[in-house]
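Student: Here is how the chains run, residue by residue.
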Amino acid sequence: MILAETKAKELEGWNRQAVIEPKGDGELLEVAMGPHHPSTHGVFRMDVALDGERVIRLKPVFGYLHRNHEKIAEGISYLGSMPYTDRLDYICPITNNWAYALAVEKLTGQEVPERAEYLRVILGELTRYQNHASSIGFLIQEMGASGTPLMYAFREREKILDLFEELTGARMMVNYMRFGGCRVDASPGWLDRTRKVVAGLAAFVDEFERLLAGNEILMARTQGVGVLRPDLAVNAGVTGPMLRASGVNYDIRKVDGYGIYNRFKFRVPLGDHGDVYDRFMIRLLEMRESIGILEQALKEIPVGPVMSPTAKLRGFRPKPGEAYGRIEAPKGELGFYLISDGGPNPYRYRVRPPSLINLTVLEDMCLGHDIADVVLIFGSVDIVLGEVDR
Amino acid sequence: MLGEGILKGLTETAKNFFGSYFSAERLTTVEYPEQRIAPFEATRVFPFLVYDAENRDGGGPEWEAGLRCVACQICEKECPPKCIYIEKSKDKKLDYLGKAQYYPARFDIDISVCMSCQICVEVCPFEAIKMDTKFELSTTDRFGGLLLDREQLAKSNEYYHQIHSAEATAVDAKLAIEKTKFDAKAKVAAATAIAKAAAVAGEGA
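Protein chains in written order, with this note's numbering: chain V, 1 to 390; chain Z, 1001 to 1205.
One chain only, chain Z, in its complex shape:
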């Protein structure tokens, strides 16, 4: 019969239309600005710099003293659209291990160029740069407003725990292991130095 296929199709749409009144599974949308769906654990938008809360080196604001970044510039080199700009500092300060390291005197990310590919996060050996989940970033200044500097990029480790809890816990554990290893090594080094000094002193006498 001509028109049978169309009628069949129409029953399908009718089923869906009336079904949406009864089945909660069909109501997949929420009213966005008021209601929000929580982002997934892995969701990524733009990168930010992690800083640790304890102020190690004294002086300066907390975010500056605690930055994990040591300005090794691997991310700058690997970034496919080249949206990261880093200037290495002249002096050094202590990092999370208590080792003297350079720090970024400037660290800019142009998020109008960034394509959220996460390669900077993957190549960073210091767990210093991570992906944010914040996506409402509209601004009236399209040049300066989207060029984020160090201060705007720095977010605390607590914030990192809030947005990617499982990943942040794993990172913390990894850093703790590194720290104990480094401390043990430092202790051994210190002990040998003392022994050496004693030996030298003994020879002198």
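So that you can see chain V by itself, here it is in the shape it has in the complex:
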């Protein structure tokens, strides 16, 4: 048997037909990266077939963090699922709360008071900011810069998490939003402290940009690596910064204008090349836009109640029907699909996680690159395994 045939035989059982042909005269090497690989942001396995250092097949294997979220939610009340949504994407629990609250509000036709909408935007944009900061930090760490950028990112994240704790009682597992508003009101002191933190954020982005954006090593490692074509991104349902880095103008804050987003002025940054560097830069630019939204929201926030007087905390039964609530979470389109049969629990509860769907194009981005770049490309997708496996 000639070598090409041997290799073709070795590749049987992999998930798709040959895209990149192996060349050279060695054997193929199959490597299982993970599930306990430090770069995998949790427990995630990539089975890769290597020809030398070149990746010619990649098979993602997940489910190690499966916690049965959707089925549990069908067995408990609508309110009971709220704290579980914190644990989906545990880097940004506020946006998860928001998407779920939005879905239930659509299902029950519940109005949300003005002040609660502003608080949601403020907290949501703070979440977006800290998610992008830490995701850039993780990305640079995977490149080998052990710690410094990540610690810089976490320094700002810590200030934001302190604000979250002061308002909601917990740094990460906030359990803050309710159907028809927010759980507690923000004090004037809290708003002042938030204004102070937000005023410092722009300087931090500048610092971060000086530290990283022009760095030759970073550019050499990321430019032209892991290119995602816009047509493939659209076909695969990729959303969020990943999609916009490929140059597709799609931001649910603009498209849907959910909540009160159509009141704020902000731009949607778009990338040109769709490579890892573009994804990094898009996140940096989105952080700047978030600061703009935060400043507007903190200036305009009205006084008033934060819970709608008609809202019920527990024991409500929505009319039979279905609702899909979606928001632009920091990682992409996060949607909750609910079907009610008139009972106190949802009949069907489905999460559309951006992390999982953005991950489906991983193989296409990695093929032909070196194994060291796979870690980098994977990091640039920005996933959280709690959301992928649910």
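Mixed in with the good hints, there may be bad ones.
As the list claims (entries may be wrong) - Derived SDA-like pairs: lysine to any residue, alpha-carbon spacing no greater than 20 Å straight-line:
1) Z/K1155 / Z/E1136
2) Z/K1015 / V/E207
3) V/K312 / Z/V1123
4) Z/K1008 / V/R221
5) Z/K1015 / V/R155
6) Z/K1082 / V/L313
7) V/K159 / Z/Y1032
8) Z/K1015 / V/D206
9) V/K159 / Z/N1016
10) Z/K1134 / V/K71
11) Z/K1008 / V/A202
12) V/K312 / Z/Y1032
13) Z/K1082 / V/N345
14) V/K71 / Z/P1081
15) Z/K1008 / V/A220
16) V/K159 / Z/S1023
17) V/K312 / Z/K1077
Keep in mind that the hints were calculated from the coordinates and are not lab data.
Given chain V's structure and the hints, the job is docking chain Z onto it.
Tutor: Frame of chain V; chain Z shown alone:
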């Protein structure tokens, strides 16, 4: 020039490195077991049961007689991870209003299951369960040690005032209003009962 970006980045790290010697704002950490940062007012860890100090019903220890919980089991039903177990009492005793109510003969919370979501606090109509801020709870017995019973869960209202002062004051005011309303109602009820009794007596005569 090649390497310019790296040098720029290095000046940034150098600035931060030397800045930490001069700016107190940069020293964000404390030496934990000796120095502590006070928790926020809203901080929550695990739930506890509030009891009032005055011993209403006589008999039994203070914490047992003063428990606000009336074993309505709403929290048990609403708890998402189902970590609360309540057994209702057979007999009744007086609650803070002076009304005869059931009380929990057993009230267990498995804090190894509890996820600190605060839903039990929100749904409780009697202000009986609140969130603690104590977080150093390590124990050598991972099953029994983390299954807290009534006695371990009961904390006084003074303790609640210590950890969440603003919230506890608001709760006390709310309970006082309820009590005056209840007392007024009871007075009216008593007066009508006396009037009725007198009327009945009058008819008899």
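Student: State for each hint whether it applies.
Tutor: Results for each hint:
no., hint, verdict
1, Z/K1155 / Z/E1136, "17 Å, holds"
2, Z/K1015 / V/E207, "11 Å, holds"
3, V/K312 / Z/V1123, "11 Å, holds"
4, Z/K1008 / V/R221, "18 Å, holds"
5, Z/K1015 / V/R155, "15 Å, holds"
6, Z/K1082 / V/L313, "18 Å, holds"
7, V/K159 / Z/Y1032, "18 Å, holds"
8, Z/K1015 / V/D206, "14 Å, holds"
9, V/K159 / Z/N1016, "17 Å, holds"
10, Z/K1134 / V/K71, "33 Å, violated"
11, Z/K1008 / V/A202, "18 Å, holds"
12, V/K312 / Z/Y1032, "42 Å, violated"
13, Z/K1082 / V/N345, "16 Å, holds"
14, V/K71 / Z/P1081, "13 Å, holds"
15, Z/K1008 / V/A220, "17 Å, holds"
16, V/K159 / Z/S1023, "17 Å, holds"
17, V/K312 / Z/K1077, "17 Å, holds"
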